[in-house]
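From first to last, the protein sequence lines are chains A and B. Numbering of the first sequence is given in UniProt numbering, commencing with residue 1 and proceeding in unit increments. Numbering of the second sequence is given in UniProt numbering, commencing with residue 1 and proceeding in unit increments.
Simulated from the structure, these hints should not be mistaken for lab results. A hint or two may mislead.
Identical copies carry no separate label here, and so any pair may be met within one copy or between two of them.
Calculated lysine to aspartate or glutamate pairs in the EDC-like style (CA-CA distance at most 20 Å, straight line) [unchecked claim]: (1) K300 - D332; (2) K255 - D412; (3) K255 - E217; (4) K150 - E263; (5) K340 - D298; (6) K300 - E317; (7) K176 - D249; (8) K255 - D275; (9) K340 - D229.
There are 2 protein chains.
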Amino acid sequence: MTLTPLILAGGSGTRLWPVSRDGMPKQFLPLAGERSTYQQALARVADPALFAPPIVITNEAFRFFALQQAEALGLTPTVVLEPARRDSAAAIAAGAAVAALRAPDAIVLAMAADHVILDEALYLDAVRAAEQAAAAGRVVTFGIRPTEPKTGYGYIRRGAALPVAGVFAVDAFVEKPDAATAADYVAAGYLWNSGNFVFRADVMAAELARFQPDLAEATQAAAAGAIADGHFQRLDAEAFGRAPRISIDYALMEKTEAAAVVESAFRWSDIGSWDAVFAIADHDRLGNAATGDAAIFDSKGCLVYSDDGLTVIDRIENLVVVSTPDAVLVADRSRSEDVKTLVNRLSNRREASEHRRGVRPWGHYDSIDRGPRFQVKRIVVQPGGVLSLQRHLHRAEHWVVVRGTAEVTVGDRVELVQENQSVFIPATARHRLANPGRIPLEIIEVQTGSYLGEDDIARFDDVYRRA
Amino acid sequence: MTLTPLILAGGSGTRLWPVSRDGMPKQFLPLAGERSTYQQALARVADPALFAPPIVITNEAFRFFALQQAEALGLTPTVVLEPARRDSAAAIAAGAAVAALRAPDAIVLAMAADHVILDEALYLDAVRAAEQAAAAGRVVTFGIRPTEPKTGYGYIRRGAALPVAGVFAVDAFVEKPDAATAADYVAAGYLWNSGNFVFRADVMAAELARFQPDLAEATQAAAAGAIADGHFQRLDAEAFGRAPRISIDYALMEKTEAAAVVESAFRWSDIGSWDAVFAIADHDRLGNAATGDAAIFDSKGCLVYSDDGLTVIDRIENLVVVSTPDAVLVADRSRSEDVKTLVNRLSNRREASEHRRGVRPWGHYDSIDRGPRFQVKRIVVQPGGVLSLQRHLHRAEHWVVVRGTAEVTVGDRVELVQENQSVFIPATARHRLANPGRIPLEIIEVQTGSYLGEDDIARFDDVYRRA
Chain A
1 MTLTPLILAG GSGTRLWPVS RDGMPKQFLP LAGERSTYQQ ALARVADPAL
51 FAPPIVITNE AFRFFALQQA EALGLTPTVV LEPARRDSAA AIAAGAAVAA
101 LRAPDAIVLA MAADHVILDE ALYLDAVRAA EQAAAAGRVV TFGIRPTEPK
151 TGYGYIRRGA ALPVAGVFAV DAFVEKPDAA TAADYVAAGY LWNSGNFVFR
201 ADVMAAELAR FQPDLAEATQ AAAAGAIADG HFQRLDAEAF GRAPRISIDY
251 ALMEKTEAAA VVESAFRWSD IGSWDAVFAI ADHDRLGNAA TGDAAIFDSK
301 GCLVYSDDGL TVIDRIENLV VVSTPDAVLV ADRSRSEDVK TLVNRLSNRR
351 EASEHRRGVR PWGHYDSIDR GPRFQVKRIV VQPGGVLSLQ RHLHRAEHWV
401 VVRGTAEVTV GDRVELVQEN QSVFIPATAR HRLANPGRIP LEIIEVQTGS
451 YLGEDDIARF DDVYRRA
Chain B
1 MTLTPLILAG GSGTRLWPVS RDGMPKQFLP LAGERSTYQQ ALARVADPAL
51 FAPPIVITNE AFRFFALQQA EALGLTPTVV LEPARRDSAA AIAAGAAVAA
101 LRAPDAIVLA MAADHVILDE ALYLDAVRAA EQAAAAGRVV TFGIRPTEPK
151 TGYGYIRRGA ALPVAGVFAV DAFVEKPDAA TAADYVAAGY LWNSGNFVFR
201 ADVMAAELAR FQPDLAEATQ AAAAGAIADG HFQRLDAEAF GRAPRISIDY
251 ALMEKTEAAA VVESAFRWSD IGSWDAVFAI ADHDRLGNAA TGDAAIFDSK
301 GCLVYSDDGL TVIDRIENLV VVSTPDAVLV ADRSRSEDVK TLVNRLSNRR
351 EASEHRRGVR PWGHYDSIDR GPRFQVKRIV VQPGGVLSLQ RHLHRAEHWV
401 VVRGTAEVTV GDRVELVQEN QSVFIPATAR HRLANPGRIP LEIIEVQTGS
451 YLGEDDIARF DDVYRRA
């Protein structure tokens with residue numbers, strides 16, 4: 001009997017702007033450690049002696065991030081695509097339904113892709129306890145033992161102890177409290193509600209059928225009608241679209257008598273704000289935390305996240321300083337939960353939602369310079385990567401290979417272009433770039449023309465089946 | 001009778017790092033307004049009815065900045081080059097000696113190139129009063145009427161009123177005071193010592209001969225032995241090297257009985273720190289000042305200087321936030337006088353002294369990307385600009401013209417390369433880039449090779465006579 005991990009990787013969010021943006025959300029970013037939290041989640045459940053191959057559920061926009069970052073770890077999960085954005089109930093229900101198609105009594109471990117979990121051994125202890133209770137028919141949530149009276153989390157009041165050590169019935173789920181109430185909760189032994197669950201797929205289906213029959217029907221049908229598309233499983237769009245937007249707590253956990261909680265002693269963070277990233281990071285003697293190229297002088301309690309160039313702070317306290325290639329944020333750390341609101345106020349700006357860097361199934365690019373009639377990109381194509389066969393009406397492109405060997409198609413001609421060679425793509429010419437080699441291909445692309453928008457592209461063929 | 005402006009533009013400094021660095025110091029940067037303070041100084045004395053053609057004194061490293069920024073205003077000053085770094089006494093003495101070679105009784109207006117002066121009419125009032133007193137043999141310093149009890153400035157205690165309205169004998173120069181003493185000084189009518197002067201060239205020579213005979217001899221000889229080099233006057237290096245390092249205040253002003261002070265009611269700043277830049281800037285309703293692409297939310301008393309991308313601040317107070325293409329600084333504004341110390345502590349870093357952007361006599365460049373074996377630059381060549389005929393041993397270069405028309409020499413071949421065309425320069429080939437056109441030429445240069453240092457260059461011919 002092995003657990004089936006279900007990794008919930010469809011969230012998007014701007015609470016960690018400018019690093020996390022809608023175009024590349026936090027679960028795919030290395031915000032705590034070298035790997036993204038999504039990769040950390042995959043690695044946590046990679047032992048085949050304990051876990052079945054994972055199911056990832058995400059959406060269309062993030063599908064290649066999910067696939068590439070798994071492949072970088074040598075893993076090939078089933079990547080289930082949600083055709084529309086719903087809330088956590090639909091994602092968990094659909095994921096559970098996919099697991100049930102493998103084995104109706106599969107025990108599912110549903111994990112958020114954007115949480116940090118430290119203390120692997122304590123985590124596995126909690127998983128094992130939860131698994132036992134789930135096998136007996138419980139829907140088990142991980143209740144984190146609080147380290148402080150946080151007002152940003154929901155809490156769980158424990159009920160009677162269950163036969164499995166460390167697992168309790170749920171007396172109540174309680175909303176985010178004010179500071180005084182939070183202190184009372186911590187004193188009374190309440191636990192943080194982490195939003196990670198273990199359950200039998202058939203139990204989840206039965207409980208949802210009872211409390212959310214519409215949602216249960218829609219997600220079952222969406223899974224049954226899923227279509228394999230390369231590495232992806234596309235849920236049936238029409239069926240999934242019928243699922244109501246509701247969180248799993250409201251939809252089920254607050255209603256079902258099967259709810260249970262496993263007391264979890266591992267360190268955990270939902271990295272839901274820069275303050276949360278700060279809290280989980282390593283700190284220097286004066287309580288500062290830094291990532292990237294940073295120099296800290298006479299400052300206290302600051303988080304510096306430097307993703308572009310050198311960031312220097314001098315005699316400041318309790319601030320968040322985030323530097324990226326096209327945007328810098330300096331904010332009060334203790335009030336960084338409101339960054340989302342601030343980004344909404346920037347909504348007319350490209351920087352609010354899109355990065356200067358773009359990730360594509362064949363690799364990635366960075367827009368390194370632009371002027372009125374030109375743009376310069378550095379393009380990295382992974383070994384085996386193939387860009388679509390395409391044409392631009394308004395721009396010509398000069399490609400200079402600076403690393404690796406390119407296979408370049410222009411019109412009917414295909415040629416190999418080596419490091420230190422260049423090639424010219426006239427406007428209107430059909431062309432394609434590919435990396436047939438064994439090392440990443442890097443090119444500098446200089447675009448010239450009167451219109452340089454990404455939407456000046458006609459695609460004739462694409463190995464990744466993009467529209 | 002017209003005044004001869006002497007603009008002191010040789011200072012370098014890091015007190016406004018990361019914008020001002022040794023490679024491009026603050027007097028050549030647009031820190032207060034659209035023009036650099038050096039250009040503002042030139043423009044302030046550009047009226048030929050009132051002022052003779054200016055003399056600029058600076059050093060080798062800044063000579064093309066001084067020339068280009070003057071030419072951008074349609075001016076061609078005499079640019080005198082100091083062969084070594086000495087203090088203000090030697091610069092003023094040498095500049096006065098150059099003016100004396102034009103006319104021995106020339107009246108000189110010595111102005112720092114890195115000061116901001118507002119209220120043009122009040123400034124000219126003070127200049128006219130100083131000029132009258134100088135004509136009568138006084139060495140007149142501008143004493144700024146204090147707006148607050150600053151501890152960062154030296155003060156002047158006035159003596160008896162002189163026959164010219166607004167001009168006084170100097171009772172004493174007093175050092176930078178502590179806060180309480182500064183308040184007493186302001187109450188007692190002391191003036192800030194601005195380091196700008198008006199004097200007759202022959203009076204300056206005579207007073208220096210009396211109090212600083214070595215310095216007087218060295219600088220007279222340096223001026224007499226100056227050699228014209230294109231637009232530049234190079235002071236005799238051997239003679240100038242003998243001049244002691246001393247400030248004009250210590251060398252002369254505190255000793256001479258000719259010292260006088262003109263009370264100056266114009267707004268003035270030496271922009272000697274980010275706090276000083278803040279003080280002279282326009283402020284929003286909550287007392288914030290911003291330059292460049294900035295978004296300010298719920299913050300008070302902050303200076304945002306955004307020279308690269310978008311800079312966002314949220315609920316912070318009294319900070320300086322400076323963003324440049326390769327470095328970000330966040331510091332306590334009230335203690336920003338110590339930025340210089342901080343930069344010294346970064347001294348092993350390129351960013352401490354050099355910009356990513358470089359200014360050259362033919363135009364400028366920006367290093368927009370680099371990797372282990374390549375570098376990408378955007379190069380802008382002004383109309384008429386000609387790079388040196390040169391050769392690299394370790395790198396090849398690809399040039400893509402994105403604006404204008406280039407004249408490209410490779411080996412014995414000279415060709416015109418238009419927008420959207422490219423050219424390849426193999427390693428070891430002699431080559432040259434020039435802009436024969438009427439609009440700026442912009443090219444993207446992709447360098448590839450095993451060594452990409454700026455010192456891999458052999459110059460065979462250079463119209464700007466660089467070494």
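To see whether the hints hold, each was checked on the structure:
{"no.": "1", "hint": "K300 - D332", "in the structure": "both (13 Å within a copy, 12 Å between copies)"}
{"no.": "2", "hint": "K255 - D412", "in the structure": "neither (64 Å within a copy, 85 Å between copies)"}
{"no.": "3", "hint": "K255 - E217", "in the structure": "within (18 Å within a copy, 97 Å between copies)"}
{"no.": "4", "hint": "K150 - E263", "in the structure": "within (17 Å within a copy, 61 Å between copies)"}
{"no.": "5", "hint": "K340 - D298", "in the structure": "between (29 Å within a copy, 15 Å between copies)"}
{"no.": "6", "hint": "K300 - E317", "in the structure": "both (5 Å within a copy, 16 Å between copies)"}
{"no.": "7", "hint": "K176 - D249", "in the structure": "within (13 Å within a copy, 66 Å between copies)"}
{"no.": "8", "hint": "K255 - D275", "in the structure": "neither (33 Å within a copy, 59 Å between copies)"}
{"no.": "9", "hint": "K340 - D229", "in the structure": "neither (34 Å within a copy, 59 Å between copies)"}
Going through the hint list in order, the structure does not satisfy hints 2, 8 and 9.
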